[in-house]
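Chain Z: place on chain E using the hints.
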Amino acid sequence: MSSENKNIKRQPEWIALCRRVVKSGGAKLGAIIFAIILLFCIFGPLFSSYGPNDIDLMSMYGGPTLKHPFGTDALGRDMMARLMYGGRYSILLGIMASFCSAFIGIVLGSIAGYFGGHTETIIMRIMDIWSSLPGMLLCILVSAVMGSGFLSTVLALTVGSIPGGTRMIRGQVLQERSKEYVEAAEAFNCPKYSIMFRHLLPNCIQPMIVMATMSIGSVMIQAASLSYIGLGVQPPTPEWGAMLADGRSYIRTYPHLLLVPGLAIAATVLAINLLGDGLRSALDPKLRD
Amino acid sequence: MARYIIKRLLIMVVIVWCAAIVVFTLMYLAPGDPARILLGSEADDNVIQMKRVALGIDKPYLMQLGIFMYKTFVKFDFGTSWVYNVPVMSELAERLPRTILIGFSAMILNVAIGVFLGIKAAIHEGKWQDSTIMIIAMAFISAPDFWVALMLIILFAQKLGWLPAYGIESWKSYVLPIICSCFGGIAVNARQSRSAMLEVIRADYITTARAKGQKEDVIVRKHMLPNALMPVITSLGNGLTSIVAGSPIIETVFVIPGVGAYLLTGLNSRDLPVVRSCVVFLAIFSSIAMLLTDLAYAFLDPRIKAQYASGRRTR
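Protein sequence lines correspond, in order, to chains E and Z. Quick note: the first sequence, position 284, residue 283 per numbering that gives the first Met the number 0, numbers continuous. Quick note: the second sequence, position 25, residue 24 per numbering that gives the first Met the number 0, numbers continuous.
Next up, chain E with everything else stripped away, as it sits in the complex (with noise of 0.2 angstroms):
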């Protein structure tokens, strides 16, 4: 097959795909909110005129004014442009401790479901165990142990959803094994981990790649919840959940500097959720017409 051809093929998958997602009202709010948001986060400071740690003494706990639309925080920087920046650090956290998780979990799963025996027994038990510290104590561990920082937060993350998306994806791996194709595949000789990656994978991943868009969300909220007790990105840095941290103190004075980041947080997370929700039900073959 050419690869024009597996173009022409692939394409309309795609974007049927795309259309089916959106057919459902929430999914299309989802993504409309969360385009909005990713635009407001990547493009927004270039018209912003003030920096993130832009320190501005002069108007200190301001409310919200034409100059500064989200109000100023206890050291007079600028909401607005500290909700920009911050929603890039939330955003990519989010997206890159799933997308660590996710593929991690894809490699230990796909190898435990294709090998069974000893490989699949060892895999599973390590995950037991794994899992018997629930994933946000490990996240709290992980995250002291390994310092503040944006990389070494991201793992912290990771570490905590790994199990799950091992056991689902061997679970997936273990329907699809005895099938034809893999008999097929390997009659010829084809090499294991071709079987495994190139022809088992593409037939186990739906569920997968719906658990890792709906676990962008709560990866999000575990974030701003490490940033919040002190673990995880710090303050100075604009991350949402640190911004909560740095206005927890206020919140008898001014209980606006809790409000904008939370709902920035919380409508993120709802936009995602919503799409995830929506692509469940795109791949979902029950559904599907």
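What the hints contain is simulated information worked out from the structure, not anything from laboratory work. Each hint should be verified, as a subset may be incorrect.
Claimed, not checked - Derived DSS-like pairs: lysine-lysine, alpha-carbon spacing no greater than 30 angstroms straight-line: (1) Z:Lys119 x E:Lys27; (2) E:Lys22 x Z:Lys211; (3) Z:Lys119 x Z:Lys211.
The following block gives chain Z in isolation, referenced to the frame of chain E:
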């Protein structure tokens, strides 16, 4: 059945051991010398070395691990806090009930409310009740619980003054933490029981029940509900563990001296006995929760019960 329970108990013991080894190793690798943190940065090197010997952290990794495992699991001695010099066990005995109280109450609330909402949504599938409930569930999943907690503090503690914002003086102090801990669970349970209900709602035996003229509420209660509850029961253990694992955050927000807050102070001051014991306790707690869930599941679902009764367990 008995053999299954014994097997599960043994696995549980091994898993708790492994969790203990994992947390020990993680904390061993953690940067920062506990002795130096304890004595401050100006302390003399000799004094610090003596402190290291006294704490037992001068020994090689395997020896420290062996001593820790022996003390914890053979003698049930959880050590003394390095910072406060208080036995960890007595501190935990005081703090554990608070964390568990919040965890269990939140669990009961979220199952009750979640299942109720899920059934309501499934019965009115596609109507406004359904979409309202699902939107509420979506919102509950999407809002970070500690932020909801902060907003509720602003509303109920500061604007209205009905409930205290922090501390544990009276029963009122527990109201907000419990409410904040159960939001996520309500949403998960509502969604789960809704989809489980929708799976059975068009089943043949429901049609049969309707055809014989059974009352609608009896159909819902007796015929649909048992099936709808199964996935909720499976997720009970998970739900409880995730509430307890989230306790460091909620306890930080409400300044509740529970296990989670203890773990965090231990982590910040590299108070290793405190961290290890808290994690071991949480691991034990979560494995017990998982075990009970599995047993309840096996006990309540006649199909699985029959499998064990006949002695053939197919994997």
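Now the hints, each set against the structure:
1. For a cut-off of 30 angstroms, the pair hint linking lysine 119 of chain Z to lysine 27 of chain E stands: about 25 angstroms separates their Cα positions.
2. With a C-alpha separation of about 39 angstroms, the suggested pairing of lysine 22 of chain E with lysine 211 of chain Z is violated against the 30 angstroms cut-off.
3. For the given pair, lysine 119 of chain Z sits about 23 angstroms from lysine 211 of chain Z by alpha-carbon distance, which is consistent with the 30 angstroms threshold.
The structure is inconsistent with hint 2 alone, although it conforms to all the rest.
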